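Peer 1: Sequence:
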Amino acid sequence: MDRKLLFKILAIVGMTILLLVPLVMIEGQISARGQRQNEVLDDIARTSAGTQTLIGPVVQLRYREQIPELRTGTAGELPVRTVKTIERTLFVAPEMLTIDGKSQVETRQRGIYQARLFHLDASVESRFVVKAPADLPVAEAVLLLGLSDPRGVDNDPEVRINGQIYRFEMDKGTDERRDLSQLSIPLGRLEAGKSYSYAVDFPLQLTGTTQLSIAPVGDTNHIHLVSTWPHPNFGGRFLPRERSVSQGGFDATWEISHLARDFNRALEAGSGEALSVAFIDPVNVYLQAERAVKYGVLFIVLTFAAFFLSEILRRSPIHPLQYLLVGLALAIFFLLLIAFSEHMPFAAAYGLAASACIGLIAWYLAGAFGGWRRGAAFGAGLTGLYGVLYGVLLSEDNALLMGSVLLFIALGVVMLTTRRLDWYSLGQRGLKEPQ
1 MDRKLLFKIL
11 AIVGMTILLL
21 VPLVMIEGQI
31 SARGQRQNEV
41 LDDIARTSAG
51 TQTLIGPVVQ
61 LRYREQIPEL
71 RTGTAGELPV
81 RTVKTIERTL
91 FVAPEMLTID
101 GKSQVETRQR
111 GIYQARLFHL
121 DASVESRFVV
131 KAPADLPVAE
141 AVLLLGLSDP
151 RGVDNDPEVR
161 INGQIYRFEM
171 DKGTDERRDL
181 SQLSIPLGRL
191 EAGKSYSYAV
201 DFPLQLTGTT
211 QLSIAPVGDT
221 NHIHLVSTWP
231 HPNFGGRFLP
241 RERSVSQGGF
251 DATWEISHLA
261 RDFNRALEAG
271 SGEALSVAFI
281 DPVNVYLQAE
291 RAVKYGVLFI
301 VLTFAAFFLS
311 EILRRSPIHP
321 LQYLLVGLAL
331 AIFFLLLIAF
341 SEHMPFAAAY
351 GLAASACIGL
361 IAWYLAGAFG
371 GWRRGAAFGA
381 GLTGLYGVLY
391 GVLLSEDNAL
401 LMGSVLLFIA
411 LGVVMLTTRR
421 LDWYSLGQRG
431 LKEPQ
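So for the sequence shown, my numbering puts the first residue at 1; every next one is plus one.
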């Protein structure tokens, strides 16, 4: 192979590797901006309310159990029988739990960064039948409502229990599940072996950040949520039985029986035994920009391949510095993309950044090649590349398919345009120097 041609190939490979440096730096900048967005979200959550998990209401029976034990003394002393008192709890699920709520979403900004708070206005109804076990001593019953962040409770709800009005207080009792802040109402002492019925209802106004989770603690659970937010993400262990999502918002209904949920797990925050609705941003510009920059190497390789193909077909050498300048322009596109997308919709930012880079490269190549026709041809090819990339970003599920098709088409173009090329003669003659 001609030595000049070999050096040119090595130079192209070296510049491709060199251009990984700015791509990595740009990807790091995107990650830093995304991290800053998360920090702002956490800061807003600290000053208002975080993600909310609602558990309950449930009835808790608190009782003391006396357990005999045998204590051994010092050497030579006889064992002493004593009684140890242990405080225990027993949770009772509601026979029926109904939550009917409507939520509004508020956007708060810190500079160019945003966070979304939801404001839930709900009515909660439940019905309990509590039978104190006959083998237990007298127990104290307490109505509990678990919340991950009680700062988000915007009202002091009037809780109606069997027609009587009560108010929640922060629970001061002993409980093994302290990962949730609990609101409580004492229900009084229960006599062993007797049954008690409680009909409970109250309004609840709750504020949180980004996500609302509800544990279906009832034997039967009917949960209905509506909102004007058009981009919900339904998650958790239970999906809605019925739902409709439109530009005007969403309407979702859950019907969950005790056969489908684990009561003990539902009482534990973070166990996943809950349904959830996340009020997500439909376009995460940092995630999409980070995904886009991963295709930067593919852009550079395809562009350099087109340059090299033009060289060998037209016998018109392109200087390595020209390769480098065009590669840098391709890399800067991703920096422009994240900078513009922080101030305008992602689609507009993508179009503006792509237009700027395509125009710059086409204008530069028109001068380098001595005519607008070849510059416009390369510009048209780059337009197609950017169009394919935008389609990949919009359809994450089809990213592999679209990327594979793009590579196949690129390989097919190279093979078709060089199918009659004598590579041995090219290696012997090399590339002509410009006149």
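Worth flagging that the hints you see were computed from the coordinates, not collected in a lab. Nothing here was measured: the structure is a model prediction, and the numbers come from that model. Just so it is clear, CB atoms sit at the ideal spot from N, CA and C, and this is done for glycine as well. One or more of the hints may lead you astray.
Distance ranges between label pairs, derived from CB positions [claimed, not checked]:
#1 Glu169 / Ile332: 20 to 28 Å
#2 Asp43 / Tyr364: 41 to 49 Å
#3 Asp154 / Ile280: 30 to 38 Å
#4 Ser31 / Val405: 22 to 30 Å
#5 Thr220 / Glu69: 37 to 45 Å
#6 His119 / Pro68: 49 to 57 Å
#7 Glu169 / Ser197: 18 to 26 Å
#8 Thr417 / Gln322: 16 to 24 Å
#9 Pro230 / Ala199: 30 to 38 Å
For lysine-lysine, the following BS3-like pairs were computed, each having C-alpha atoms within a straight-line distance of at most 30 Å [to be verified]:
#10 Lys194 / Lys84
#11 Lys102 / Lys131
#12 Lys4 / Lys84
Peer 1: Work down the list of hints and note, for each, if the structure agrees.
Peer 2: Going through the hints against the structure:
no.	hint	result
1	Glu169 / Ile332: 20 to 28 Å	violated, 60 Å
2	Asp43 / Tyr364: 41 to 49 Å	holds, 44 Å
3	Asp154 / Ile280: 30 to 38 Å	violated, 23 Å
4	Ser31 / Val405: 22 to 30 Å	holds, 29 Å
5	Thr220 / Glu69: 37 to 45 Å	holds, 43 Å
6	His119 / Pro68: 49 to 57 Å	holds, 54 Å
7	Glu169 / Ser197: 18 to 26 Å	holds, 23 Å
8	Thr417 / Gln322: 16 to 24 Å	holds, 21 Å
9	Pro230 / Ala199: 30 to 38 Å	holds, 36 Å
10	Lys194 / Lys84	holds, 26 Å
11	Lys102 / Lys131	violated, 34 Å
12	Lys4 / Lys84	violated, 92 Å
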